[in-house]
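Protein sequence lines correspond, in order, to chains A and B.
If you count the first sequence from 1, position 312 lands on 311 in numbering that gives the first Met the number 0, and the numbers rise without skipping.
If you count the second sequence from 1, position 183 lands on 182 in numbering that gives the first Met the number 0, and the numbers rise without skipping.
It should be emphasised that the hints constitute simulated quantities derived from the structure, not laboratory data.
Some hints here could point you the wrong way.
A few chain A residues facing chain B, derived, Cβ under 8 Å [as the list claims (entries may be wrong)]:
| no. | residue |
| --- | --- |
| 1 | Ala113 |
| 2 | Ile197 |
| 3 | Leu312 |
| 4 | Ala319 |
| 5 | Ser323 |
All residues carry an ideal CB built from backbone N, CA and C; glycine is no exception.
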Amino acid sequence: MSVINKMEGMSRNLKKAHKKLIGFPSYFKDWSTTFKGGVTLFCLLILFIFPIMTQNPYYLDIFVLAMIYSIFAASWDFLAGFTGQVSFGHAIFFGISGYYVSATLVFNNFSWWAALIVGVIIAVFVGFIIGIICLRMKGPYLALGTMTIGLMFMNLYRIGPFKKYLWGDEGITAVPALSTNAIVVYYTTLIFMIISIIIMLRITKTNMGTIFKSIRDDETGSGASGINTTKYKVIAFMISSLFAGLAGGFFVMYNRSVGPLIFQPYYSFIILIMTALGGIATISGSALGAFTFVLLTEALRDLKELDPTNVFLDAFSHPAFVFSILLILIIRFASEGILKSALEKLKDLWDVLLGR
Amino acid sequence: MVVEEIIIYGAVQGAVYALLALGYSLVYGVGGILNLAHGAYYLVGVYAFYIITDMQIGVVYGYWLGMVIALIGATSVGVVSYFLIIKPLKEFHISMLMGTFAIAFFCEQLAIVAVGPKYYTISTIFKDYVNIQLHYILIIIVASIIIINLVIIFIKKFEYIKVHYISIFIVSLISVILIVIFKEKPQIVRLSVHWIIIIITSSIIVTLTIIFINKSKIGKSIRAVSQDREAAMLMGINADRTLMYTIMISAFLAGIAAILYAPLDVVAPFKGWPVLTSAIAVVILGGMGSVPGSVIGAFIIGYARIATDYLIDPVYSSLVPVIIIILILIFRPQGLFGKKEIS
């Protein structure tokens, strides 16, 4: 009896999949005419045609950095926004993957994708270990624990006695870039960014994503309803460290060198700003936040040249200073993010324009 | 020579950490918050001190004025952080953590923008050195520790004082052994007056703080709120106001640590982070919200760092607080003297 039920269920699933596949163009058309789909497609279109508009490697580099930070910020958002595990030491995964990607590239002559795989595997392993260590800590203690582990990694990689194994204070230099052609680098990073964000968004919509959200909202309750919270917290750590490691690998190939400062709290801090800008628990929002962050940083850097004698312009040409003020203001006054509410306003305008 | 230097430097470090950790522990006890802006209070104190002493208004006069301005600066940053972040966000633990983190980062960037990313030094006005027998110094250190404990015992009217009896016993035992050892072969140590001032000032301030917490009205409300927030509010204590006073005390103590320790250290923008990690390590080791625990933990971590500096390698000493934090969080989350929390 149960076998027949199972068969029926399978055939129903098959039918559903078939319908979805056949109906994909119409689904896509429906999706693209909604506000969310329209904005997403518009942004993707701009990203795809950007190298056609300008060949200047400076602008391409800015966009590549923004895309790398998008993956990194989205991985933090996945852990903090969907599982409720706030980590202040996300630079650990970023940095450890960066170190081993550059080591395999420089000393073992790996190609870039093989080096990335090595780096990501090591990042996932470290994420597994840290996930197990941090299981006993909750809320603020977890943030504190991960931050101190990050500082420990920085000191460990900096000090002299381990120089033979961990490359010491100066780290690894002369890391080969992903490709000598800036446009190839651009499109590779773009494709990796889109795939990572789609995967993370899909995971949050599967059953596992629902379990993550239940752990975020009520850990005791989800444990009482039979969910192995320990297992899923470690899994969330591993998924998040996978994408953080991917971002770290791209970052060292972009930066061409790696040193102990990659573990500094600065990198854990900037992804916090990006996610706060875009709105927490929206993975695509952190990508928007990353682009805003990087473009604003570049814009602020040139501010000093307008008037070198002006004290305020000099102060505001330090991007980190501006962003620390911005973060305080966002956390205090707009905890759901700036860009999310701005997009909602835009959506109202869109509805008015379409006469809905 | 190594043992003497470990004893003296460890006492100096422990005295500074005790000031930092005492305030941190009080804030945790009253508000239940992990205040990541604690390093920022220290940093603002150090930079205010540096700016005033650098202003060419007479060496001695500038030094004393700098001390006062540093204390005012640190305390006012504490008040600002309370009204800006801690009060509005006290229901949201993660947001508050991020907000205090942002304040710490803001103060670091402000130091870079206002003064510069370079390293500076403050030269102390207590430049004299005294030659002193080692066992006299030991007697000073031990006497101050025993006096603190006796004061606590008298304040608490001989109740709940197991920790203090134990610490008096242990300290006396160790000191008798050390004094006997060093009296056999008397050694003269050349000692900066500044270090002696640090040890004595710190023990006086810690004693005063403990008397304040136990005897004054504000102190009693601080203890009441940290024991049971709801019950204290039902008895008519303004818990928010009490938290503000506690943060002011904590920032004031951080400012005192800054004016005492800054002349021995470099003035650099990143200095808030090691101070924060050390304070957290001490408080986690001693037990969250436990006053005697934080003082004892401060001396344990101070001596551990200095012993690592001298016996193993200075490069590992920055790792000591971090390793202690992680080990304690994993194996004994309530710390040495903390009470077990039911969550």
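Hint by hint, here is what the structure shows:
no. : hint   : in the structure
1   : Ala113 : violated (33 Å)
2   : Ile197 : violated (27 Å)
3   : Leu312 : violated (11 Å)
4   : Ala319 : holds (5 Å)
5   : Ser323 : holds (4 Å)
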